[in-house]
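*Asks:* What follows is each chain in one-letter form.
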Amino acid sequence: MPKTMSEKILADHAGKAEVFPQDLVEVRIDFALGNDITAPLAIEAFRRTGAKKVFDRERISLVPDHFVPNKDIASAVQAQMVREFAKEFDLPYYFEVGRMGIEHALLPEQGLVLPGDVVIGADSHTCTYGALGAFATGVGSTDLAAAMIMGRIWFKVPPSMKFTFSGKLRPWVGGKDLILYTIGQIGVDGARYRAMEFEGETIDSLPMADRFSMCNMAIEAGAKVGIIAPDSTTEEYVKNRAKRPYKFYRSDPDAVYEAIYEWDISELEPVVALPHSPQNTKQVTEMPPTPIDQVVIGSCTNGRLEDLRMAARVMKGRKVARGVRCIVIPATQQIYMEAMEEGLLETFIEAQAAVSTPTCGPCLGGYMGILAPGESAVATTNRNFVGRMGHVESKVYLSNPAVAAASAILGRIGHPEEVLS
Amino acid sequence: MKFKGKTWKFGHDIDTDAIIPARYLNTTDAKELASHCMEDSDPKFASEVKPGDIIAAGKNFGCGSSREHAPLAIKAAGVSCVIAHSFARIFYRNAFNMGLPILECPEGAERIQTADELQIDLDSGVINNLTRNETYRVEAVPPFMQKLLAAGGLMEYVREQMLENKE
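Chains as they are written, first to last, in our numbering: chain A, 1079 to 1499; chain B, 2 to 168.
Okay, chain A solo, but in the shape it has when bound (with noise of 0.2 Å):
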């Protein structure tokens, strides 16, 4: 029978020779990975069960970036209790301060997660990964737990969805935009349990940075994982990277899917997501005059080479509003150094922005930039929660670096060509 890539995958990886909607399976993971917030719950339960060993110590990965460099007493425990437990089963993909970066840009830079993986991590955006061709989901710390030991784990194989793109993209509009305007079409929920494969002659042209933008967010439509057919460009990015070797799969033409969209997008403008949801989103060229108190660059959705390049390119030369704090952070310490190199640092401090150590930090309201009460921000994020930032009365507006850039400048939500022009 025809299949998709997402029961493709679950099948090979349950030993199945095929699997359909809605069975319960247990598959076999490629890689396991937790965060200094999500893995101490892990590790107390998998201390609670008596196991003395995981079941690969190259498959796991803990990486603490939530709440470190430590913000406080309680979080420098927590990352000790994550230290202390790799250094114990000896984990090689135990990413320290100074070597680590934000998780989902980190793993597929480094070639741990890859095309054909089953991926499972203890973060809601592990679906990012679906950028590579990968199955890959968020789960609880108690299934990481399960996951660390038996190296196996059950899922309810979900129904997918058809995204069909076409259209050539204006300028300033990217993956962000595309997956913020899937989630204003289709809502919060609109995707709920379900497999959201994007394809189509626009996401063929798009680079790796834009593809792993688009399914990062696919957890904000409710979906269990965001996917993308590997190709070239797939390959180009992999294939000096791996540490393994790695399987493309791809759809049948005429596998089943539960709906399909197909949207064409060639007069998009960028698009934003007002408070509270990511569902309710604008083009920026119908926005109300927005002003604003802070900007965020950065995070697992936006925090890559190709997204600070383009916020440079709108900041060169120019000087942040006065009354507004704009904190670029580069994802990880190898992004960090490309930027310094290609001067797009320098760029940024000129512009009088705060330039950051990799971390999540203010995208959950951890630290590095919390919101005060009245206070409205636009970041580079994915989730604009009421609280999301920090004080429950401040807001947060999402949109893609650029824009980003272009509100920092202008003190108010803009489109980059104002700065521009």
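Think of the hints as simulated: they come from the structure by calculation, not from any bench.
Worth double-checking, as some hints may not be accurate.
Here are the simulated DSS-like pairs of lysine-lysine, each with C-alpha atoms no more than 30 Å apart in a straight line [to be verified]:
1. Lys1094/A <-> Lys167/B
2. Lys3/B <-> Lys76/B
3. Lys1321/A <-> Lys1165/A
4. Lys1086/A <-> Lys1317/A
5. Lys1130/A <-> Lys32/B
6. Lys3/B <-> Lys1149/A
7. Lys167/B <-> Lys1130/A
8. Lys1165/A <-> Lys1130/A
9. Lys3/B <-> Lys148/B
10. Lys32/B <-> Lys3/B
11. Lys1131/A <-> Lys1234/A
12. Lys1086/A <-> Lys148/B
13. Lys167/B <-> Lys1165/A
14. Lys1325/A <-> Lys1086/A
15. Lys1094/A <-> Lys1317/A
16. Lys5/B <-> Lys45/B
17. Lys51/B <-> Lys7/B
18. Lys1240/A <-> Lys1325/A
19. Lys51/B <-> Lys1234/A
20. Lys148/B <-> Lys1130/A
21. Lys76/B <-> Lys1234/A
22. Lys1149/A <-> Lys51/B
23. Lys1234/A <-> Lys3/B
24. Lys1234/A <-> Lys45/B
25. Lys148/B <-> Lys1094/A
26. Lys1131/A <-> Lys45/B
27. Lys7/B <-> Lys76/B
28. Lys1131/A <-> Lys1321/A
29. Lys1131/A <-> Lys148/B
30. Lys76/B <-> Lys1130/A
31. Lys76/B <-> Lys148/B
32. Lys3/B <-> Lys45/B
33. Lys1149/A <-> Lys32/B
Short derived list, chain B residues pointing at chain A, Cβ under 7 Å [to be verified]:
34. Asp14
35. Asp16
36. Ala23
37. Leu26
38. Thr29
39. His37
40. Asp41
Positions of the beta carbon are idealized from the N, C-alpha and C atoms, including for glycine.
Given the coordinates of chain A, work out where chain B should sit on it, guided by the hints.
*Replies:* Below, chain B without anything else, positioned relative to chain A:
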């Protein structure tokens, strides 16, 4: 399993930041987490919730992050059961894995209001609304999930598997 308790009603798309804000995720202490449960949605909830109380909510309850601190905070607050029109998938897994009973019941989620007194029978899948004198039926829990619950959660299931593998 049977529960009886008073209901706290919430709306659609209650996200995990609303259930337990990230600023409190620097601990795994269940009591500490419970003291901030639902803080940004209803500041009175954590101090006034009574053991056995029930949460009812709309669509997509528990959307957002994968933090297991969310079902943990709800459980430690003494909540016996969450009824919703639907659950976000990671929250759904997490609740089963840690033994927090949750029920998908669109009819109940719509009819039940704050302070309604409910009697729930998990085995027969029936919710009795004593305040409104109504009865709602719940979809059966899938057999595999029942196996997890019978084992006492995912880690107990894993422990059984570990013992089997040794033999």
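*Asks:* If a hint holds in the structure, say so; if it doesn't, say that too.
*Replies:* Consistency of the hints with the structure:
{"no.": "1", "hint": "Lys1094/A <-> Lys167/B", "in the structure": "25 Å, holds"}
{"no.": "2", "hint": "Lys3/B <-> Lys76/B", "in the structure": "16 Å, holds"}
{"no.": "3", "hint": "Lys1321/A <-> Lys1165/A", "in the structure": "21 Å, holds"}
{"no.": "4", "hint": "Lys1086/A <-> Lys1317/A", "in the structure": "22 Å, holds"}
{"no.": "5", "hint": "Lys1130/A <-> Lys32/B", "in the structure": "29 Å, holds"}
{"no.": "6", "hint": "Lys3/B <-> Lys1149/A", "in the structure": "43 Å, violated"}
{"no.": "7", "hint": "Lys167/B <-> Lys1130/A", "in the structure": "13 Å, holds"}
{"no.": "8", "hint": "Lys1165/A <-> Lys1130/A", "in the structure": "14 Å, holds"}
{"no.": "9", "hint": "Lys3/B <-> Lys148/B", "in the structure": "18 Å, holds"}
{"no.": "10", "hint": "Lys32/B <-> Lys3/B", "in the structure": "24 Å, holds"}
{"no.": "11", "hint": "Lys1131/A <-> Lys1234/A", "in the structure": "27 Å, holds"}
{"no.": "12", "hint": "Lys1086/A <-> Lys148/B", "in the structure": "27 Å, holds"}
{"no.": "13", "hint": "Lys167/B <-> Lys1165/A", "in the structure": "26 Å, holds"}
{"no.": "14", "hint": "Lys1325/A <-> Lys1086/A", "in the structure": "11 Å, holds"}
{"no.": "15", "hint": "Lys1094/A <-> Lys1317/A", "in the structure": "28 Å, holds"}
{"no.": "16", "hint": "Lys5/B <-> Lys45/B", "in the structure": "21 Å, holds"}
{"no.": "17", "hint": "Lys51/B <-> Lys7/B", "in the structure": "8 Å, holds"}
{"no.": "18", "hint": "Lys1240/A <-> Lys1325/A", "in the structure": "21 Å, holds"}
{"no.": "19", "hint": "Lys51/B <-> Lys1234/A", "in the structure": "35 Å, violated"}
{"no.": "20", "hint": "Lys148/B <-> Lys1130/A", "in the structure": "25 Å, holds"}
{"no.": "21", "hint": "Lys76/B <-> Lys1234/A", "in the structure": "25 Å, holds"}
{"no.": "22", "hint": "Lys1149/A <-> Lys51/B", "in the structure": "34 Å, violated"}
{"no.": "23", "hint": "Lys1234/A <-> Lys3/B", "in the structure": "27 Å, holds"}
{"no.": "24", "hint": "Lys1234/A <-> Lys45/B", "in the structure": "37 Å, violated"}
{"no.": "25", "hint": "Lys148/B <-> Lys1094/A", "in the structure": "22 Å, holds"}
{"no.": "26", "hint": "Lys1131/A <-> Lys45/B", "in the structure": "44 Å, violated"}
{"no.": "27", "hint": "Lys7/B <-> Lys76/B", "in the structure": "15 Å, holds"}
{"no.": "28", "hint": "Lys1131/A <-> Lys1321/A", "in the structure": "22 Å, holds"}
{"no.": "29", "hint": "Lys1131/A <-> Lys148/B", "in the structure": "25 Å, holds"}
{"no.": "30", "hint": "Lys76/B <-> Lys1130/A", "in the structure": "29 Å, holds"}
{"no.": "31", "hint": "Lys76/B <-> Lys148/B", "in the structure": "21 Å, holds"}
{"no.": "32", "hint": "Lys3/B <-> Lys45/B", "in the structure": "26 Å, holds"}
{"no.": "33", "hint": "Lys1149/A <-> Lys32/B", "in the structure": "22 Å, holds"}
{"no.": "34", "hint": "Asp14", "in the structure": "6 Å, holds"}
{"no.": "35", "hint": "Asp16", "in the structure": "5 Å, holds"}
{"no.": "36", "hint": "Ala23", "in the structure": "4 Å, holds"}
{"no.": "37", "hint": "Leu26", "in the structure": "5 Å, holds"}
{"no.": "38", "hint": "Thr29", "in the structure": "5 Å, holds"}
{"no.": "39", "hint": "His37", "in the structure": "11 Å, violated"}
{"no.": "40", "hint": "Asp41", "in the structure": "5 Å, holds"}
Consistency note: the structure conflicts with the earlier hints numbered 6, 19, 22, 24, 26, 39.
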